[in-house]
Amino acid sequence: MRRLLAATIIAAVAVVLMPAAGSADPYKWCAVYSGGRGGGTNCGFVTIEQCRATISGIGGFCEPNQFYTGPAERPAKRARKKRPRD
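Whatever position you read off the sequence shown (first residue = 1), add 1165 for our numbering.
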């Protein structure tokens, strides 16, 4: 009985300590609020436009999420020039 209890406890501890597969932070932007009570931070924005819309009127600023682990942003593709047909 003690062996079963010990094995169960070890298995439970192993499950708790394993990193979750979905633990990556998908939100790229954080809103940092100002306020009389110290403000706060909300890192729940995918785009900077979402962040700016949230802080407009209440004060604060947007900053990149330091824990963002999503794909890197690619630079915009350059437009191709059309060649004149002869």
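Hints in this document: simulated from the structure, not taken from any laboratory. Hints may be right or wrong, so weigh each one.
[Claimed, not checked] Label pairs and their calculated CB-CB ranges:
(1) Lys-1246 to Glu-1214: 38 to 44 Å
(2) Arg-1239 to Gly-1209: 36 to 42 Å
(3) Ser-1221 to Lys-1242: 26 to 32 Å
(4) Arg-1243 to Gly-1209: 19 to 25 Å
(5) Arg-1245 to Gly-1222: 56 to 62 Å
(6) Ala-1244 to Val-1197: 34 to 40 Å
(7) Val-1197 to Arg-1167: 29 to 35 Å
(8) Lys-1242 to Val-1211: 20 to 26 Å
(9) Val-1211 to Arg-1168: 33 to 39 Å
(10) Ala-1241 to Arg-1202: 56 to 62 Å
(11) Arg-1202 to Lys-1246: 53 to 59 Å
(12) Lys-1242 to Val-1197: 30 to 36 Å
(13) Arg-1168 to Gly-1203: 49 to 55 Å
The model shown is predicted, which means the values in this text are computed figures rather than measured ones. For glycine and all other residues, C-beta sits at the position ideal for the given N, C-alpha and C.
Right, here's what the structure says about each hint:
Evaluation of the 38 to 44 Å hint for Lys-1246 and Glu-1214 yields a failure: the beta carbon distance comes to about 31 Å. At about 23 Å, the CB distance of Arg-1239 to Gly-1209 disagrees with the hint of 36 to 42 Å. Between Ser-1221 and Lys-1242 the C-beta distance comes to about 31 Å, which sits within the given range of 26 to 32 Å. Between Arg-1243 and Gly-1209 the CB atoms are about 33 Å apart, so this pair departs from the stated range of 19 to 25 Å.
Distance hint check: the CB atoms of Arg-1245 and Gly-1222 are about 42 Å apart, inconsistent with the given range 56 to 62 Å. One distance hint, 34 to 40 Å for the beta-carbon pair Ala-1244 and Val-1197, holds here, with the actual separation near 36 Å. Taking the beta carbon of each, Val-1197 and Arg-1167 are about 52 Å apart, not inside 29 to 35 Å as hinted. Checked against the hint of 20 to 26 Å, the pair Lys-1242 and Val-1211 passes, with Cβ atoms roughly 21 Å apart.
Take Val-1211 and Arg-1168: their Cβ atoms lie about 49 Å apart, and the range 33 to 39 Å is violated. A hinted range of 56 to 62 Å for the beta carbons of Ala-1241 and Arg-1202 is inconsistent with their spacing of about 41 Å. Judged by the Cβ atoms, the range 53 to 59 Å given for Arg-1202 and Lys-1246 holds: they are separated by roughly 56 Å. Between Lys-1242 and Val-1197 the Cβ separation comes to about 32 Å, which falls inside the hinted range of 30 to 36 Å.
Checked against the hint of 49 to 55 Å, the pair Arg-1168 and Gly-1203 passes, with Cβ atoms roughly 51 Å apart.
Figure legend: structure checked against the earlier numbered hints; hints not met, in rising order: 1, 2, 4, 5, 7, 9, 10.
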